[in-house]
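**Q** Letter by letter, the chains look like this.
There are 2 protein chains.
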Amino acid sequence: MKKFNTAPISGAQELLPALQAEFDRLKDGIAEVYARHGFLSIETPLIERTEVLLAKAGGDTEKQIYKVVKTAELADDADQALRFDHTVPLARYTVEHLNDLAFPFKATQINRNYRGERAQKGRFREFYQCDVDVIGWNNLPVAYDAEVIATLCEAMKLLPLPGFVVRVSNRKLLSGLLAELNLDHQASEIFDIIDHAEKMPAEKTTAALGDLGIGSENVVKITTFMNLQGSSEQVLPELRGFGFQNPVFQEGIEELETVLSLLKDLAPEVEVVADMLIVRGLDYYTGTVFETIVPDYRAIGSICSGGRYENLASNYTDQVLPGVGGSIGLTRLFWILHEYGLVKPEELKPVDICLIPMSLHEVPAAARLAENLRRQGRSVDLVLTEKKIGDKLKYAAKVAKYASAIGSSEVESGSYQLKDLESGTIETCKF
Amino acid sequence: MKKFNTAPISGAQELLPALQAEFDRLKDGIAEVYARHGFLSIETPLIERTEVLLAKAGGDTEKQIYKVVKTAELADDADQALRFDHTVPLARYTVEHLNDLAFPFKATQINRNYRGERAQKGRFREFYQCDVDVIGWNNLPVAYDAEVIATLCEAMKLLPLPGFVVRVSNRKLLSGLLAELNLDHQASEIFDIIDHAEKMPAEKTTAALGDLGIGSENVVKITTFMNLQGSSEQVLPELRGFGFQNPVFQEGIEELETVLSLLKDLAPEVEVVADMLIVRGLDYYTGTVFETIVPDYRAIGSICSGGRYENLASNYTDQVLPGVGGSIGLTRLFWILHEYGLVKPEELKPVDICLIPMSLHEVPAAARLAENLRRQGRSVDLVLTEKKIGDKLKYAAKVAKYASAIGSSEVESGSYQLKDLESGTIETCKF
Chain A
33 MKKFNTAPIS GAQELLPALQ AEFDRLKDGI AEVYARHGFL SIETPLIERT
83 EVLLAKAGGD TEKQIYKVVK TAELADDADQ ALRFDHTVPL ARYTVEHLND
133 LAFPFKATQI NRNYRGERAQ KGRFREFYQC DVDVIGWNNL PVAYDAEVIA
183 TLCEAMKLLP LPGFVVRVSN RKLLSGLLAE LNLDHQASEI FDIIDHAEKM
233 PAEKTTAALG DLGIGSENVV KITTFMNLQG SSEQVLPELR GFGFQNPVFQ
283 EGIEELETVL SLLKDLAPEV EVVADMLIVR GLDYYTGTVF ETIVPDYRAI
333 GSICSGGRYE NLASNYTDQV LPGVGGSIGL TRLFWILHEY GLVKPEELKP
383 VDICLIPMSL HEVPAAARLA ENLRRQGRSV DLVLTEKKIG DKLKYAAKVA
433 KYASAIGSSE VESGSYQLKD LESGTIETCK F
Chain B
33 MKKFNTAPIS GAQELLPALQ AEFDRLKDGI AEVYARHGFL SIETPLIERT
83 EVLLAKAGGD TEKQIYKVVK TAELADDADQ ALRFDHTVPL ARYTVEHLND
133 LAFPFKATQI NRNYRGERAQ KGRFREFYQC DVDVIGWNNL PVAYDAEVIA
183 TLCEAMKLLP LPGFVVRVSN RKLLSGLLAE LNLDHQASEI FDIIDHAEKM
233 PAEKTTAALG DLGIGSENVV KITTFMNLQG SSEQVLPELR GFGFQNPVFQ
283 EGIEELETVL SLLKDLAPEV EVVADMLIVR GLDYYTGTVF ETIVPDYRAI
333 GSICSGGRYE NLASNYTDQV LPGVGGSIGL TRLFWILHEY GLVKPEELKP
383 VDICLIPMSL HEVPAAARLA ENLRRQGRSV DLVLTEKKIG DKLKYAAKVA
433 KYASAIGSSE VESGSYQLKD LESGTIETCK F
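So the protein lines, in turn, are chains A and B. Using our numbering, you'd call the opening residue of the first sequence number 33 and step up by one each time. Using our numbering, you'd call the opening residue of the second sequence number 33 and step up by one each time.
Heads up, some of the hints might be wrong.
The list makes no distinction among identical chains, and a pair is therefore deemed to hold if it is satisfied within one copy or across any two copies.
In silico SDA-like cross-links for lysine to any residue, where the CA-CA straight-line distance does not exceed 20 angstroms [what the hints assert, rightly or not]:
| id | residue 1 | residue 2 |
| --- | --- | --- |
| 1 | 451 | 273 |
| 2 | 381 | 73 |
| 3 | 426 | 132 |
| 4 | 430 | 169 |
It should be emphasised that the hints constitute simulated quantities derived from the structure, not laboratory data. Every value quoted in this text rests on a predicted model; they were computed, and no experiment measured them.
Take the sequences, apply the hints, and build the full model.
**A** Shown next, in the form of C-alpha cells:
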C-alpha cells in the first residue's frame, strides 16, 4: 500500500521505460542531426539570475516564471529563477564568451525549460525544446536562414510523421507592404489579423480589416497578399507584380528568393512553400519566418518554427549580434505522437536480448556471450534472478525483443537458441 | 561593451563548445554502456513536492535544498523544490509505477541535481550524476551487486584516466564483527573512525579506538580487520580465520565471495580488491559497498561508489524494495580531468569538416558533398559567410579538424582537397 502521494508534479512528462526509450531515441537522433550539420552543443545552467531572465520579458513570462528560493548558504546571491526558454541563456552565453567563440556561432541547445502555466491536457510546465541558432557578429548572410531550416527539416524526418510541409515567409514583405500603403501606424492590428487569419472564416478576416478604416482598396491588397501561397515560381512573380518600390519590400523578395532557392539544394526532398500567412508574433522576428505543418494532422499546429532576428542580446551588450534560429518542441510533440497512435508503446522493447544463465555455473559463458553481443551494439540484460525459467521468460517478454536460456548443454555445444519474443520464432546461433 | 553581468550563476559548470562536446561524448558514452547492459533510462521532473524530497532527509539536505516559488498560476499547488539526488525520485517513480514495471527493475538516470552548498572550487551546486540501480520486489540476488559494479567499470573505462581500482567490502562484515565483540552500542563511533582511517596516521586511529574504552584486544581485532585488503584469495581466508560464528558476519563473507567471484567473469579486465576500509556513511547501505580510486591520482578520492540498500522506498510504500546502485559524479569528475590536464581543450575540435563553397554557385555541389559525408557519420559545417577565404579558413581552424574549399574547378574535376588543420597535410578526395 502506498503511504504517500507519489505522483509526479502536475505539468511534467513522466514516461514508463519503453516510452522513455523512444523519447530518448528521437531526442538523441535530433541531437545527432544538429551535430552533423556543424552545430555546437552548449549547456547553460537551468537557474539564471532573475534580472537576466526578465531583462526583456514581462507580462505573462514574469507571471509564469519559477523563482528559486535562496537557501541559508546562498543568502548573499541575487534573486534566481528557472529559465523559460533557450534564447535568453543563449544571449547571455554569447555575450559572456564573445571573445572565445568562433563566429558565425552555430549553437544547439536540447534541454528542458520551465513555465508555470495553468495545467491542461497537452500543456507542459517542464518541457524539452530542441533549438538551433546561428549568431553572427555584426552581420550574418541570409544563406544561414536556409541552413537552419534545412537542418531542422533533416531532424523532422526522424519523427514518425506522415510527411510535413515547411511554410516560409519574410517579415520585411509585410512591413514593406504596410509602409507602401502608409499603414505603418496600424501595423500591429494588421499583423494580428493576419496571424489569426488561418483559424477564421475569410469573411471575418476581411471584415476585421475593413473595421480598421483603411479603405477597401487596401483591404483587397492586404488580403491578396496574405493569401499568396505556393512554390517560389508561383509566389515570387506575384509579389513582384504588386509593383511596390518600397526598399524593405524589395529586400523581403530578394531574401525570400535566396532562402527558397538555397533550400532546393540544402533540403532537396522537403516540401517547402512560400506562405504569406506566416507572421510569427510581433516583437521578435525581423526577416525570414517559418512554420511547419503536418498536412494529415493540421490540428496539431506548427511542430517546428523560428526565424531571423536583428539582434540577439541588445539588453546585455552594445555589440550587434544578428541571428536566425528555430526549435522543435519535443515534449508536446511526443505527447501528440502518442495521443495520435503514431508512437505505440506496446511495440517498444527497450532491451535487445535477455540472456538467462540456467545457474551460476553458466554465468561465465553467458557473460562472455553478453560482452560479444554488446560489442556488436546490442543491449543485453543478463538475468541473474533465482526464479523459475518461466518467470524469467515472462520478465524477458516485458523488457526485451529476444531471449535465450544458457544451460550446460548450450555451453558444451557452443551454440544457443535465440527466441523472438514477439513472433515466437527461434534461431540457432553460435557463441 | 557589456551592459549586464552575464556570468552564469555561481556553482554551475558552463563550458565552451569544445569542452562541452567532450563532456557530452563522455556522458553519452556512459549512457550507451548502461543501456547495453540492459539498464532502462528514466527521467523524472527536476521539481518534486518538498514533502517527497524531505520524507527521509533532514539536516544539511534541508538547508541546501532549492525551493521553488509558486507562481500566480500555481497558487494551489503544494510546496515544491529541486531534487538533490536521483535516489528520492527513483523511489517515488518505482512506487508510482510499481505495477507497470518489470522486476528486477534495472534503472539508469543521467541528469542534473541541485544542492545550494557554499560555493568553492570544484564544488558544484548544479551537477550531473550518472546512476544505475537494480530494484527488486521483495528480494534481489546478490549477483546484481556484481552486475552493477561491472556495468560502472565498463563505463569508467571510457574516461581518460590512467587506470582505476574498485575497492569492495560488505557492511555485514563490520556489523557482524561488532555484534561478535558485543560492541553494537558503539557501532556509530567505530564506523566513523574506520570511515576516516584512510586520511589519518595509523597511531591516531588506534588511539581513537583506544579512547572508546573497548579494551586493547578489541582494538587489535578491529584494526586487524580494517586493514585487510587484497584479492579475494588473500582476504577471504583471513576473514574466515577470525573464527567468528556470528551469522551476519558469515553472510557478509558469503556475499563478498559471490560478488568478487562474479566480478571475475563480469569485469574480467578490471582490478577489483576486497578492502575493509570501505564503509560508505552510516544510514543507507546494508550489504555490499564499493568505491573506486585512481592510483595515480589518489587525492581525487572515489570517482564512482555505491552499494546495496535494504529498502528503497520505505517512506512511500509498505512494499519491500531492496536495491543496489552506484553513481559516477560526472560534473566534478570532468572538472578534475580538466584541472589535471587529462582533458585538453586545445586538442578538441567539435566539427569534423568545414566545407567552404567559394561562391553561391558552388553551394549545390558542396551541399551534396556535405550530405554524403554526413551519411558516413561525419559532422560537416557548410561555411556560408561572405568573407575572404583566409577569414573562412581561420574560422574553420577554430571549430573543425579538416577544411576544404569548393570552387568551380573542384566541381568540374569532381575531386577536392581536404586539409588537415592541425598538421597542414592535404589529401585529395573524390566527391
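**Q** Does each hint fit the structure? Answer for all of them.
**A** Each hint, compared with the structure:
1. For a Cα distance limit of 20 angstroms, the shortest separation of residue 451 from residue 273 qualifies neither inside one copy, at 67 angstroms, nor across copies, at 48 angstroms.
2. For the identical chains of this complex, residue 381 and residue 73 are inter-copy neighbours only, at 12 angstroms across copies versus 29 angstroms inside a copy, given an alpha-carbon limit of 20 angstroms.
3. In this assembly of identical chains, residue 426 and residue 132 lie within 20 angstroms of each other by CA distance solely across copies; the values are 13 angstroms between and 55 angstroms within a copy.
4. Proximity of residue 430 and residue 169 under a CA criterion of 20 angstroms is satisfied inter-copy only: 16 angstroms between copies versus 53 angstroms inside one chain copy.
Figure legend: structure checked against the earlier numbered hints; the only hint not met is number 1.
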